[in-house]
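**Student:** So the chains spell out like this:
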Amino acid sequence: MIKLFSLKNQKKDGEQGSIRAGNPKRASAAQLRITKDINELTLPKTCNIDFADPDDLLNFKLIISPDEGFYKGGKFVFSFKVSSNYPHEPPKVKCETMVYHPNIDLEGNVCLNILREDWKPVLTINSIVYGLQYLFLEPNPEDPLNKEAAEVLQNNRRLFEQNVRKAMLGGVVGNTYFERCLK
Amino acid sequence: MSIETNISFNNLRKILERNGPFCHSDFECGEAAFATLSQCKVLIVGSGGLGCELVKDLALMGFTNLHLIDMDVIELSNLNRQFLFRQKDIGKSKAEVAAKFINERIPGVKVTPYFNKIQDFGEDFYRSFHVIVCGLDSIVARRWMNGMVISLLEYEDSILDQSSIKPLIDGGTEGFKGSARVILPGITPCIECTLDLFPPQVNFPLCTIANTPRLPEHCIEYVRILQWPKEKPFGDIPLDGDEHTHVQWVYEKALERAQQYGIEGVTYRLTQGVIKHIIPAVASTNAVIAAACATEVFKLATSCCAPMNNSMMFNDVDGIYSHTYEAERNENCPACSNTPQDLFCSIDDKLETIINYLKESPKYQMHSPGITTAVDGKNKTLYIQSVASIEEKTRPNLKKTLRELGLENGQMLFVADVTSPNSFIFVLKIGNNLG
Amino acid sequence: MTGVNEMLTFQKSPKSPNSPSNESEKSRKYDRQLRLWGEVGQFAIENSNICLINATALGTETLKSLVLPGLGSFTIVDNTKVTDEDIGNNFFLDSESLGKSRAMVATQLLLEMNSDVRGDFVEESVDSLLQANPSFFTNFSVVIATNVWNEKTVCKLSQLLWETNVPLLICYSYGFIGCIRLQIAEHTIIESHPDNFLEDLRLDKPFPELRAFFESNLNIENQTRKDLTHTPYLVLLFKYLKQWQQENNKADDCLPINYKEKAQLKALIKEAMNQFKQSKLWHSDENSVEKELELDNFEEAIKAVNTVLVPSNFIPSETKAILEHPSVSEVMNKKIKNMKFWLLVKSLKEFLANKSEGCLPVRGSLPDMTSDSDRYVKLQKIYSNKAKEDADAVQACLQEVCGTIGMSSEIVSDNTLKKFCKNAHFLRVHETSAFFSEFANEGEKSHHFVSKMRELVNSSDFNGDGTNDFIFYLMIRSVMRFVTLYSRFPGYCSDQVESDINTLKSCFKEFLSDFGLPPLSKDDYIHEMCRYGGCELHSISSFLGGCIAHEIIKLITSQYVPIKNTVIYNAMNSTTTTFDW
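Residue numbers (the numbering used here), protein chains in the order written: chain A, 1 to 183; chain B, 1 to 435; chain C, 1 to 581.
Isolated chain A (complex conformation) (with noise of 0.2 Å):
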């Protein structure tokens, strides 16, 4: 059975009182986590990710650049705030770029599965990248969060793309002004 009073417990006593803050020597389980996570990223070549500070693993943005779909051309940015509790808990994604898509609302709110109700641990940084990246390949206007341009996308897929177009060169579309995002 384990002794939890050897000498060396007694001498280590002896040390006590003084209470010092301070991390412990080991990274956290996130810490550690995420360190994997992004050493191991295969960014596909629309995508950019950039670390204002390489040292906080945590907070990044991402920037998706697609080359083909309705969304060619465009910038999208998203910011990732990861918590302590990942990967328990998903990382928390907005849109910071305004955009005119069915699943994703004007206050960046982003609708993707393994984001919310499907996140799993085994799921990684790389499986978001890749979800999100597929939004704009293939807008979901089944399960849309702004209403007006999954109704538009069903009905008149030749002015949903007009819409787009025109909400990345800057422009108002229905009573919304965006701001111009064509690279």
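Quick caveat, the hints were computed from the structure, so don't treat them as lab data. It cannot be assumed that every hint is accurate.
Derived SDA-like pairs (lysine to any residue); straight-line CA-CA distance at most 20 Å [as the list claims (entries may be wrong)]:
id, chain 1, residue 1, chain 2, residue 2
1, C, LYS262, C, THR188
2, C, LYS378, B, TYR261
3, A, LYS94, B, LEU239
4, A, LYS147, B, ILE225
5, A, LYS3, B, GLU28
6, A, LYS183, A, LYS3
To spell it out: a stretch of chain A is covered by chain B in this simulated footprint if at least three of its residues, at any positions, have a beta carbon under 8 Å from a beta carbon of chain B; those stretches are [what the hints assert, rightly or not]:
id, stretch
7, 81–90
8, 105–111
9, 125–138
10, 141–149
11, 159–173
Incomplete in silico selection of chain C near chain A, CB under 10 Å [stated by the list, open to error]:
id, residue
12, ARG225
13, HIS230
14, GLU292
Heads up, the beta-carbon is just placed ideally off N, CA and C, and yes, glycines get one too.
Following the hints, complete the assembly by docking chains B and C onto the known chain A.
**Tutor:** Frame of chain A, contents of chains B and C only:
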């Protein structure tokens, strides 16, 4: 003052001063076994439903040197189970009120409170305890404590030094269900090994919340996630589940939305439950689980019985059901599976040299290792190749020596590489030839 | 929460308007438990009174977990004075209480925790009360006896409360061992809160409104992608069930029952899903990849084949037994215990025979599923309306039943009736044997108990290397015999341990022979009992106290299912074992 002069521990003495056929072979009965109780320094993490019970249980099991840490203050809804708190204590520190209560009620026991976050303290603090018991409702805090006790492990020639083990006893409850487990870091499964066992947080699809709500919860989440940040009814502040006016606002808006869709069941209580992720809790389950944990602390401290191996689930919805089982270690556990490897090097070695060693050494044969470390408690990325923006900023490090990078003897390096499902941990042994 | 792999579910509180303006301070204080047993359960707790015999650590720990949630009142019966040892293991006796009445101090310190609770104490021994004023005990909702080791006292108490229908819990905390025995003549439960249950969705025999809904939604082939992906899986299940019936020449109300048939139905759904994915491909761009349909609802339907296709006339065995219980006919002739419950069962029986072709009232709840709001809410209304209709029909039966025996049906409230119908699949009647029937020399010895004892003693895991915890029941009983004979615990004094081992051994032998059992060699256990010497460890009592308190809450709220009937706690191995005899 010695405890014997005040109250009699005759009940405990029978157990500790007599030998029995089922005692653990390491058990040495007698006065010394009894004395270990007052030498044993126990940390109780969390002073809520479980923590209040734990501090009482351990004090009455003969432990006199108890330490209690909790960052929270007392709320009205705690009083149905956190029995050391009264109406007049609302708003005060849980740890301080609980410690004062026990110190006054049970002579000879000294409970030291810490009105702190667990993260406020470092390794020296946690190393000073013999056993740590957790009564927490937060997974983050559990994982942090788990990481801490693992970081306290010491290895000599990759062999675990048993005296560096701080047993962690972890209890948890939810309604009429609960669990207790004994973690011997480095030996038995840790929190990260079995992270999958924690129920995932309920997250509804955003598009359902936004467009096809069916449940009252969908309506509440709509207001919480989408409407609140947009309408900012009380200015640009986060929603506070304890602020009645906030909850009331969410409740009314959610009710409105529910009526629009013909959905029934939005109540104030449900609204608050969803906003605060409230987990139902009763006194009885907390008493059961805390007592199970306290008994394990007693076994570990006195060696009178083998500790539970290693987990128990409890549920008293239908009769009284419990299941005691041996959870298994995860051999790829990111927290406890990798014993730190010694990395012999010189303080004048360049980072580049170290990386080349990791790539070329027949033992590791890494492909493109990413290396981070912690300096003065802050994370520092030494080099990561795969991400251009990091690579650019950390490239200058390659040409720097360990000394120039501020690394010291005993420093830990965390190394990730595609060739392994896990990160490696290396301990720098400076003053040697690389190897 | 650790280890418990259950999704968090939010309990919905009863339908009272729940805005904070009428949300009292009390309701906020009890919020975390109201989410479990509701206002009705809380009301029952606040109106119950409990008797505790002996303010031991086990006793006060039990009361602690009842005082905190707001018990109505308690009374402690205890004629002893506080000793050093008491203070050492009992949180509700402080160091200043030495020599004072144990009942008094415990009452005061327990009441200090919660001003909503009333408490009282009687400084008399259980024996003298049983002698002088036995009716004293019959006024309580539940009686808890701790540390009552004398066989004669226990039997007398058990007999008295058995005859007067007062639930009794007899509890022991002895070294590392605990024992809880519940004795209750008849306890009826409407809300048993099962963790797992089968849905009640009537796909085999849909009632007219449900059938109409299904039929108006069956034509999914012509739906838009959006409507198709949001068709509730119940519709899909119904549609392919019909197809399966036709293809296999099955009757209109036939469900797949075995693995093979269920696999056939699953395959049908899967095939349809794949066809939809093929036919409803949609090209977002001439050259780009094809966007596949996400048919979560089809996946849900496939999973639901195992859980949702339950015959409408399925009646769980517990409910079946309740319908055949003698009380169902007795309730028509005389006043019996749990009158309201049995009137409801009688009415339910009438309903089954005359109004529903043998199907229990529709439960009225709909599991969550992928759907658009409109169809989900419609479905929900269809089920809840039918549940209401069925409840009305049961109400009519109740009126008739009550009329026959000259009673007003108003004795059963509307809410109770609705709850009864909603829980018709989960009803329970809980009965245990009498504790005194476990005592050989007390006349009527339970045959069931004797045969169960024999069975356990002869079981392989009792005699093999690992002994099962049944041995500790035998040990507790042997200690009772010892205490009855010698008025002290075996091994109480250190210098007596060795000699008491032999005495306890003969008590054990005697006890076994009372039941016609051969002597057993369990010397280690005898030794361990003498080592304990009657000591009570706080953490063992606290574990048991929590368990006992919740058993009492089950009894007074008539929610959840109590133990049946003996639980042994072995703290050395951290295990609990339940024995039913």
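**Student:** All the hints need checking, so say for each whether the structure fits it.
**Tutor:** Consistency of the hints with the structure:
no., hint, verdict
1, C:LYS262 <-> C:THR188, "37 Å, violated"
2, C:LYS378 <-> B:TYR261, "10 Å, holds"
3, A:LYS94 <-> B:LEU239, "18 Å, holds"
4, A:LYS147 <-> B:ILE225, "17 Å, holds"
5, A:LYS3 <-> B:GLU28, "12 Å, holds"
6, A:LYS183 <-> A:LYS3, "65 Å, violated"
7, 81–90, "holds (count 6)"
8, 105–111, "holds (count 5)"
9, 125–138, "violated (count 0)"
10, 141–149, "holds (count 4)"
11, 159–173, "violated (count 0)"
12, ARG225, "6 Å, holds"
13, HIS230, "7 Å, holds"
14, GLU292, "9 Å, holds"
Checked against the numbered hints above, the structure violates hints 1, 6, 9, 11; every other hint is satisfied.
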